[in-house]
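Asker: This is what each chain is made of:
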Amino acid sequence: MWAGSLVTWRLLRMKKSRHGSHSIRRTFETKGNNSMSQASRTIDGLSAQRSLFKAVTESLPGLLLVAAVAVTAYLTAPLLQQYDFFKTYLSIKDFILAILVGIAIRNTVGVPTMLQPGLRYSTIMTKTGIVVMGAKYSLAGLLTVGSQALVMIVVFLFGSAVLLMWAARKMNMSTSLSACIAAGLSVCGVSATIAVAPAVNAKKEEMAYSIAVVLMFGLLALVVFPLVGNVFQLSDAQYGAFAGVGIVNSAQVLAAGFGYSDGAGIIAGVYNIGRVIFLPFVVLMLVIMAASREAESVGSHKSVNKWRIIVDKFPVFVLGFLFVVCLNTAGVLNDADREVAKTFMNWAFLLGFASIGLTTRLSDLKAAGFSGFALGFCIASVKAALALLAVLYFF
Amino acid sequence: MWKKIKNLSASRKQDLAVCILGICLICVSKIVSGYMV
Chain A
25 MWAGSLVTWR LLRMKKSRHG SHSIRRTFET KGNNSMSQAS RTIDGLSAQR
75 SLFKAVTESL PGLLLVAAVA VTAYLTAPLL QQYDFFKTYL SIKDFILAIL
125 VGIAIRNTVG VPTMLQPGLR YSTIMTKTGI VVMGAKYSLA GLLTVGSQAL
175 VMIVVFLFGS AVLLMWAARK MNMSTSLSAC IAAGLSVCGV SATIAVAPAV
225 NAKKEEMAYS IAVVLMFGLL ALVVFPLVGN VFQLSDAQYG AFAGVGIVNS
275 AQVLAAGFGY SDGAGIIAGV YNIGRVIFLP FVVLMLVIMA ASREAESVGS
325 HKSVNKWRII VDKFPVFVLG FLFVVCLNTA GVLNDADREV AKTFMNWAFL
375 LGFASIGLTT RLSDLKAAGF SGFALGFCIA SVKAALALLA VLYFF
Chain B
661 MWKKIKNLSA SRKQDLAVCI LGICLICVSK IVSGYMV
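Order-wise, the sequence lines are chains A and B.
The first sequence begins at 25 in the numbering used here and counts up by one.
The second sequence begins at 661 in the numbering used here and counts up by one.
For the record, the hints were derived by calculation from the structure and aren't laboratory data.
What you are looking at is a predicted structure, and each value in this text was computed from that prediction instead of being measured.
Backbone N, C-alpha and C define an ideal beta-carbon position, used for all residues, glycine too.
Check each hint, because a few of them may be wrong.
BS3-like, lysine-lysine: derived pairs with alpha carbons at most 30 Å apart [as the list claims (entries may be wrong)]:
#1 A:Lys366 to B:Lys663
#2 B:Lys690 to A:Lys366
#3 A:Lys78 to B:Lys663
#4 A:Lys330 to B:Lys664
#5 A:Lys194 to A:Lys227
#6 A:Lys194 to A:Lys330
#7 B:Lys666 to A:Lys227
#8 A:Lys78 to B:Lys666
#9 A:Lys330 to A:Lys227
#10 B:Lys666 to A:Lys330
#11 B:Lys663 to A:Lys330
Computed spacing ranges between beta-carbons, pair by pair [unchecked claim]:
#12 B:Ile665 to A:Asn254: 44 to 50 Å
#13 A:Thr81 to B:Met661: 29 to 35 Å
#14 B:Val688 to A:Thr137: 31 to 37 Å
#15 A:Phe338 to B:Val688: 26 to 32 Å
#16 A:Leu76 to B:Val688: 27 to 33 Å
#17 A:Val178 to B:Trp662: 36 to 42 Å
#18 A:Thr100 to B:Ile665: 39 to 45 Å
#19 B:Ile665 to A:Ser316: 35 to 41 Å
Pulled out of the complex, with its shape left as it was, chain A reads as follows (with noise of 0.2 Å):
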């Protein structure tokens, strides 16, 4: 997991050092000289080198309390299932208990300064182990859960975004806002608000609204999505596309699922990567309807590049899940391979779901305000009303 943070600070960081040492690059290269533009190169892998070093040392203290919050989780929810109220009413595996606990300390006793750089790490940790998680599919596998998954995906997500949409026109929501919460509540979540915000021109707490109205409608769907799967006596296929179709954060929904059983979360995990493929497609349809609402209050018409948004907002890591998958049916992993990877996976979820747990804050609440919690809620409950029933009847 070091490995892969520091990759992924290193890729970041590039563009920042890039810009740091770009003036003193030009100077030396105006002169004509090779050797003076060796040298910018050098002050370019310094700076990047020193950066480096300055980063792991900032991020290093959050992320030991990301580590022990995962141990924590991994070392008590086999003790809680012990008692009979855990074992009969509330089954809490250890990836709702990483949550749940990292929510605890963020809310009661707080993070300080110095351990937050070290909690930013949580959607790469949690989008590996969906990579990861490619080694428990064959492609095969994929195709025939996929293409049941496609229908359920394509009802619910365009349906629910459209009908948040038309509600929000109805209420006198702004369009920037409504085209958030819309894609927050029938793509994935966080994801889908950042990839929209900047399309429909959303103001920064419209975006922290709406990705809270979407992470407290998961976090109470983490504690009773599996209740309504116990009540039903849902099978694994059942409670799997229940919870991918009505959760909408991808830590969720397999925290969820995962929560529920192994064979849940692996298809609770493939309608989560069908709904992440369909996400520039989605923020294509609310850019389009916010343009023309735009344009029927203000009489102008915006023109929006299709395919500029389809190919800008394509989720790359799907094509590392894709890859493993690929590995998987081509016969390069056996049975062994598998295991070890499952331990992979099952760390980078407990990592990335801590690390989610510490940084979501209860306040957000207060501050996103009544009317779009109370519609957010009720379209989000009535679209996991809907999923409950159509898995009840169609699977």
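Starting from the structure of chain A, add chain B where the hints point.
Answerer: Chain B in isolation, oriented as in the chain A frame:
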């Protein structure tokens, strides 16, 4: 190639890093399981 990568957006770089890391972990799985057998 390297110049192209450097010009990618931050989210693209993150996705790329995730892909590399994930595939590295799969390779490590293969090596570790080889030693375990």
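Asker: Could you run down the list of hints and mark each one as holding or not?
Answerer: Status of each hint after checking the structure:
As the CA atoms of Lys366 (chain A) and Lys663 (chain B) are separated by approximately 35 Å, the hinted pair breaks the 30 Å bound. A distance of roughly 12 Å separates the Cα atoms of Lys690 (chain B) and Lys366 (chain A); the hinted pair therefore holds under the 30 Å criterion. For a cut-off of 30 Å, the pair hint linking Lys78 (chain A) to Lys663 (chain B) stands: about 24 Å separates their Cα positions. With a C-alpha separation of about 23 Å, the suggested pairing of Lys330 (chain A) with Lys664 (chain B) holds against the 30 Å cut-off.
The suggested pairing of Lys194 (chain A) with Lys227 (chain A) holds, with an alpha-carbon distance near 21 Å, which does not exceed 30 Å. Annotation: proposed proximity of Lys194 (chain A) to Lys330 (chain A) holds, straight-line Cα distance about 27 Å (limit 30 Å). Among the hinted pairs, Lys666 (chain B) with Lys227 (chain A) is consistent with the structure: their alpha-carbon atoms are about 28 Å apart, no more than 30 Å. In summary, the hint linking Lys78 (chain A) to Lys666 (chain B) is supported, as the alpha carbons are separated by about 21 Å, within the 30 Å threshold.
For the proposed pair Lys330 (chain A) and Lys227 (chain A), the alpha carbon gap of about 22 Å is at most 30 Å, so the pair holds. Proximity of Lys666 (chain B) to Lys330 (chain A) is assessed by CA-CA distance (about 25 Å); at most 30 Å being required, the pair is judged to hold. The suggested pairing of Lys663 (chain B) with Lys330 (chain A) holds, with an alpha-carbon distance near 26 Å, which does not exceed 30 Å. Between Ile665 (chain B) and Asn254 (chain A) the C-beta distance comes to about 47 Å, which sits within the given range of 44 to 50 Å.
Here the CB-CB span from Thr81 (chain A) to Met661 (chain B) is close to 31 Å, well matched to the stated 29 to 35 Å. The hinted window of 31 to 37 Å between Val688 (chain B) and Thr137 (chain A) holds, with their beta carbons roughly 34 Å apart. The hinted window of 26 to 32 Å between Phe338 (chain A) and Val688 (chain B) holds, with their beta carbons roughly 28 Å apart. In this structure the supplied range 27 to 33 Å is violated for Leu76 (chain A) paired with Val688 (chain B), their Cβ-Cβ distance being about 22 Å.
Between Val178 (chain A) and Trp662 (chain B) the beta carbons are some 39 Å apart, a value that agrees with the proposed interval 36 to 42 Å. For the hinted restraint 39 to 45 Å between Thr100 (chain A) and Ile665 (chain B), the CB-CB distance of approximately 41 Å keeps it satisfied. A beta carbon spacing of about 37 Å between Ile665 (chain B) and Ser316 (chain A) agrees with the range 35 to 41 Å that was offered as a hint.
In summary, the structure is inconsistent with hints 1 and 16 from the numbered list given earlier, while agreeing with the others.
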